[in-house]
Amino acid sequence: MIPFPEAGASGLDDAAVVRILRAGDARAPRVVWNRLAPMVRGMLLRSFGPEHDIDDLIQEVFLTLFNRIETLREPQALRAFVITITAHTIRREVRRKIASRWLHLGTTQGALARDADLDSREALVRLYRILDRLGAEERTAFALRFFEGLEIVEIASALGISPATTKRRIAHAWTRIVTHAQRDGALVEYLSSYRPEGAP
Amino acid sequence: MKPQEIIERFVDLAREASEDRIDSTGQAGLYRLERALSRSTRPSRAFGYRVGGAALAAALGLTALVLVQFPRDRALTFEVTPSCVRDGGYVVSKAADGQVRFSDHSDVGMDRGTRLRVSSVEVHGAHLMLEAGTLHASIRPRPKARWSIDAGPYVVHVTGTEFDLTWKVELQTLDLRLRSGSVTVEGPLAGGDVHMIAGDHLVANAGDGSLSIVDERHATPSQDVPSASPKVDTAPSGAATMTASAPAGGARSASAAAMAHSSGVAWATRVARGSFQAVIDDAQRQGIDRVLTEASQADLAALADAARYAHSQDLARRALGAQRARFPGSVLARDAAFFLGGLAESGGDDAGSVEWYETYLRESPDGAYASQALGRKMMLVEPIRGTDAARTAAAEYLRRFGDGPYAPNARKLLQTQ
Chain A
24 MIPFPEAGAS GLDDAAVVRI LRAGDARAPR VVWNRLAPMV RGMLLRSFGP EHDIDDLIQE
84 VFLTLFNRIE TLREPQALRA FVITITAHTI RREVRRKIAS RWLHLGTTQG ALARDADLDS
144 REALVRLYRI LDRLGAEERT AFALRFFEGL EIVEIASALG ISPATTKRRI AHAWTRIVTH
204 AQRDGALVEY LSSYRPEGAP
Chain B
1381 MKPQEIIERF VDLAREASED RIDSTGQAGL YRLERALSRS TRPSRAFGYR VGGAALAAAL
1441 GLTALVLVQF PRDRALTFEV TPSCVRDGGY VVSKAADGQV RFSDHSDVGM DRGTRLRVSS
1501 VEVHGAHLML EAGTLHASIR PRPKARWSID AGPYVVHVTG TEFDLTWKVE LQTLDLRLRS
1561 GSVTVEGPLA GGDVHMIAGD HLVANAGDGS LSIVDERHAT PSQDVPSASP KVDTAPSGAA
1621 TMTASAPAGG ARSASAAAMA HSSGVAWATR VARGSFQAVI DDAQRQGIDR VLTEASQADL
1681 AALADAARYA HSQDLARRAL GAQRARFPGS VLARDAAFFL GGLAESGGDD AGSVEWYETY
1741 LRESPDGAYA SQALGRKMML VEPIRGTDAA RTAAAEYLRR FGDGPYAPNA RKLLQTQ
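In the order they appear, the protein sequences are chains A and B. Taking the working numbering, the leading residue of the first sequence gets 24, the next gets one more, and so forth. Taking the working numbering, the leading residue of the second sequence gets 1381, the next gets one more, and so forth.
Hints are computed from structural coordinates only; laboratory data are not their basis. There could be a bad hint or two in this list.
Said to hold, decoys possible - Here are the computed lysine-lysine pairs in the DSS-like style, where the Cα-Cα straight-line distance is at most 27 angstroms:
hint, chain 1, residue 1, chain 2, residue 2
1, A, Lys120, A, Lys190
2, B, Lys1382, A, Lys190
3, A, Lys120, B, Lys1524
Given only the sequences and the hints, what does the whole structure look like? Please build it.
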């Protein structure tokens, strides 16, 4: 049994958490969950938007982490390891969505609100519908770059592609998102008047 | 509008809508993970794609499409573990943890000896028949979901929900404890069909037509509706068919009878509908301090629930604290200790959480949340009080709830040297 510091689990560094994970300690799920679930949930929420059920995906990320923890070479890199698992989960889920939409012949999405009804949630739904038009690689790279603020090198490493390819995919995603958004007059109008919380 | 601005505002919107935090509701994911790990569940989909050539990629892609599509457009499939399934979907649970798992991630656990028949499966649900015993259902909410469970003369119609259902053939008694969501129960019930919401506990007897519903979340026994002149016709085979005629709408829980507020709708009802923020807004309009000192017991409970579900943990703590201070000894006040334990746990205060769970177990040793409180205490106590304390809790858990959700963890703890 690995002793906990007086401060409790929050005082553990990533290497100690990895040791607990590898030891099969009964406390491991809770320690890892409390430390990493907020980040994983946030990444998945931002990647898929408000209409997507992400509970199963969160479970998938953590079950993968438990099954693959032995492959982590640098225990201090736990967070990066989880980001990589989450990135793969996002990419796989995007592929699944694309496949599902293809087989459903594009009939799975609900109707959008009328332009006059546009509010922040509806604007967000429209923006995520634009993301839905992207390929899995482009969308995942875009999400990691802009939603998560990762560097090109980090994204390339997480997705197992070269930095040059990463840049191309992000640039392609950017162009397509902007093009589609500009065709939606109500969306552009909403975004023009939108000010994030805390902005002057 | 410049392209840069479009992207920036999209990102701002997305970030505003998704804070990196896990609230008390999200903690349910931890419990689910612990259960999955204790069963050595592996992720349903492999990590990553390792595709060599184009032909192989195409083949795998096609397979993936079929796997993706199958549970969505075709009738659900199901598997039974570790029980056995016979002709006609007849399932007998030979072990204490028999389970029927459906392809839409709904699952139905069965106590030992429970007899269940999967009569039919459809695209959006299934029709089950509980012949005898107890099942624990977790039906995944989906659009157009259509599930039903026959139990004797009763039919439980389900959309997405969690509940425990027992049918005792010899006593002709239906016992339904609804943990989340809502269901409608059809059958020989006084007043016709009964719509139940989360927290309702229904006991109906087909023999004498009696029916009682207790709202366990809001303490007050809401009804005990005796049958109103049940008419019983005994068929030659000995089977009984019956009708009962009590006033329609008589069977409803206390939550609906609670004090109405600015919208004219009781807080408990609004919580049941998922309007958590509306309840909080209503309380804020009236003044939180005033509400905490003057509101009825049911309203305090509803406010605490709304606050917990809406992630307002501080308000939830205050409401639960007021519940305990103003109505000491009541069921709701005792239950508040359990919820305060959950809030402490999600806030990272393990020691405080264990103390609240112990308080709950001391005050309500046989309460509705006793199993969960003891299970959570067992999971938390080791780093605080050491292995012996955890093993003691594990032994107690197995003694009291040998088939409970934390039983695998308890066994693991006891096996650990």
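Notebook entry, point to check: Among all the numbered hints in the text so far, which are the ones the structure does not match?
Noted result: Violated: none.
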